[in-house]
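Top line first, the protein sequences correspond to chains W and Z.
Quick note, the first sequence lines up with residues 1 to 372 if you use the numbering used here.
Quick note, the second sequence lines up with residues 1 to 92 if you use the numbering used here.
Be aware that one or more of the hints could be misleading.
With the C-beta cut set under 8 angstroms, the calculated list includes, among others, these residues of chain Z facing chain W [to be verified]: (1) Ile5; (2) Gln8; (3) Glu23; (4) Ala25; (5) Gly26; (6) Phe55; (7) Ile57; (8) Glu80; (9) Arg92.
What the simulated footprint calls covered on chain Z by chain W, stretch by stretch (three residues with Cβ under 8 angstroms from a Cβ of chain W suffice, anywhere in the stretch; the number is not a length) [unchecked claim]: (10) 29–37; (11) 42–53; (12) 81–91.
These are computed hints drawn from the structure, not numbers from a lab.
Idealized CB from N, CA, C, for every residue including glycine.
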Amino acid sequence: MRFVDEFRDAELGRAVATEILGAVEPGRHYKLMEVCGGHTHAIYKYGVDDLLPENVELVHGPGCPVCVIPMGRVDDGIAIAREPGVIFTCFGDMLRVPGSDGSLLEAKAAGADVRMVYSPLDALRIAKANPAREVVFFAIGFETTAPSTALTLKRARAEGVRNFSCMCNHVTIVPPLRALLDSPDLRLDGFIGPGHVSTVVGARPFEFIPADYGKPVVIAGFEPLDVLHAIRMLLAQLAEGRRAVENQYTRVVPWEGNVRALEALAEVFELRPHFEWRGLGFISQSGLRLSDAYAELDAERRFAVPGVRVADPKACQCGEVLKGVIKPWECKVFGTACTPERPIGTCMVSSEGACAAYYNFGRFQRGERAAL
Amino acid sequence: MCLAIPGQIVAIVDEPNRLAQVEVAGVRRNVNVGLLDAPEGGALPGDWVLIHVGFAISRVDAEEARATRELLERMGAEYEQELAELRGSEIR
Ligand code: SF4
């Protein structure tokens with residue numbers, strides 16, 4: 001793994017940046033989307049875009065699992081959390097996501113038993129330790145996280161844990177990408193593919209992007225130099241007139257994904273006909289729910305949930321941010337009414353969210369900086 | 001919750017439930033290694049893995065684990081937060 005050392009090498013960074021410069025056609029504007037919030041984070045933290053020529057623009061995609069949870073799902077979660085006897089568990093990032101009437105953290109302050117867990121297996125442990133209580137796990141995440149929920153549910157069923165259930169908000173990565181590619185709002189030239197999601201799904205699910213839309217995809221790691229390499233590989237494909245899925249992150253991502261994880265997903269979950277995404281609206285076959293075999297562990301069947309669709313707050317432009325139509329700082333409430341301490345939109349909550357990443361690293365788009 | 005952090009497997013502690021004790025930045029906790037099961041054998045003591053929400057999601061070599069840890073350490077607050085959440089975990 002000689003090259004990993006070199007990833008910290010500024011010399012190599014400069015060399016890749018020079019190669020990028022050589023690969024772009026002057027006068028052509030390139031829009032590349034980094035799908036994953038982890039990449040957004042790396043780009044802002046390390047100033048990857050400072051190394052790019054002016055005509056290569058990075059836009060942020062929908063790959064932050066916290067950012068895409070709509071208000072109505074938070075409200076449904078809070079409704080379950082307020083049921084007598086319920087212990088409601090979720091990842092720490094979810095606690096501050098605003099619903100139409102406050103967040104889970106506020107529900108907790110008002111008396112609901114809401115607990116942060118590191119793992120769905122911790123939620124299961126809490127259920128086993130509290131047999132007289134109903135323990136609900138609010139599951140979020142893309143294919144990176146969904147197998148963990150699946151294995152936890154398999155174990156709960158095998159052990160006959162009756163007081164455990166899951167409110168499933170897992171989502172899949174391909175449908176929103178297809179929706180973005182079909183949207184007239186955005187003209188993209190290529191995609192930096194998500195690293196961790198691809199450890200599970202592999203490279204194959206992205207093949208529709210070159211095949212159906214004629215655009216390149218490069219799956220990338222999370223080092224700043226991984227991202228830079230991926231950009232160079234995308235630009236090389238565009239320059240050579242090739243369109244394919246390539247894997248820059250072979251150190252971690254196998255082409256065929258993780259067969260065990262995919263089997264667990266297929267057993268425990270099924271696709272919902274539609275699922276609502278914050279700011280993106282309903283996308284067909286984009287969300288997971290528990291399969292009939294796991295119905296008795298489904299919190300949405302065990303509890304009455306309002307299931308009401310709630311429009312995003314007027315001021316919120318998370319949808320445009322998640323589609324890469326605007327930059328975070330172009331949202332009217334960015335950094336004023338909406339901050340990580342008091343978020344209006346979800347993109348300001350998780351550190352993977354584009355707005356939070358911009359806010360935390362004080363990075364502004366080049367155009368904006370030049371204007372200052 | 002979005003991070004995948006490197007840890008080294010110390011021992012398999014619960015064979016049927018596929019739980020292994022891992023060491024992450026000096027902290028020892030249990031995680032599930034069932035996603036790494038394969039016909040040629042699953043995760044073994046000494047292996048480096050990337051851990052996400054209490055599950056090992058991929059096996060990496062020692063060099064990749066070191067590089068990932070350094071990257072995360074440079075992230076600062078988010079890695080600290082993830083480690084704090086891991087410390088609070090009691091998977092068994
Ligand atoms: S600043 Fe706040 S409301 Fe605006 S897009 Fe970002 S998270 Fe959403």
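Results of checking the hints against the structure:
1. Ile5: violated (11 angstroms)
2. Gln8: Violated. Min distance 16 angstroms.
3. Glu23: violated (16 angstroms)
4. Ala25: Because about 14 angstroms separates Ala25/Z from the closest Cβ in chain W, which is outside the 8 angstroms limit, the hint is violated.
5. Gly26: violated (17 angstroms)
6. Phe55: Status holds, d = 4 angstroms.
7. Ile57: With a closest approach of 6 angstroms, the Ile57/Z hint holds.
8. Glu80: violated (11 angstroms)
9. Arg92: holds (6 angstroms)
10. 29–37: Per the Cβ count (6), the hint holds.
11. 42–53: holds (count 3)
12. 81–91: holds (count 7)
Hint compliance for this structure: hints 1, 2, 3, 4, 5 and 8 are broken, all remaining hints hold.
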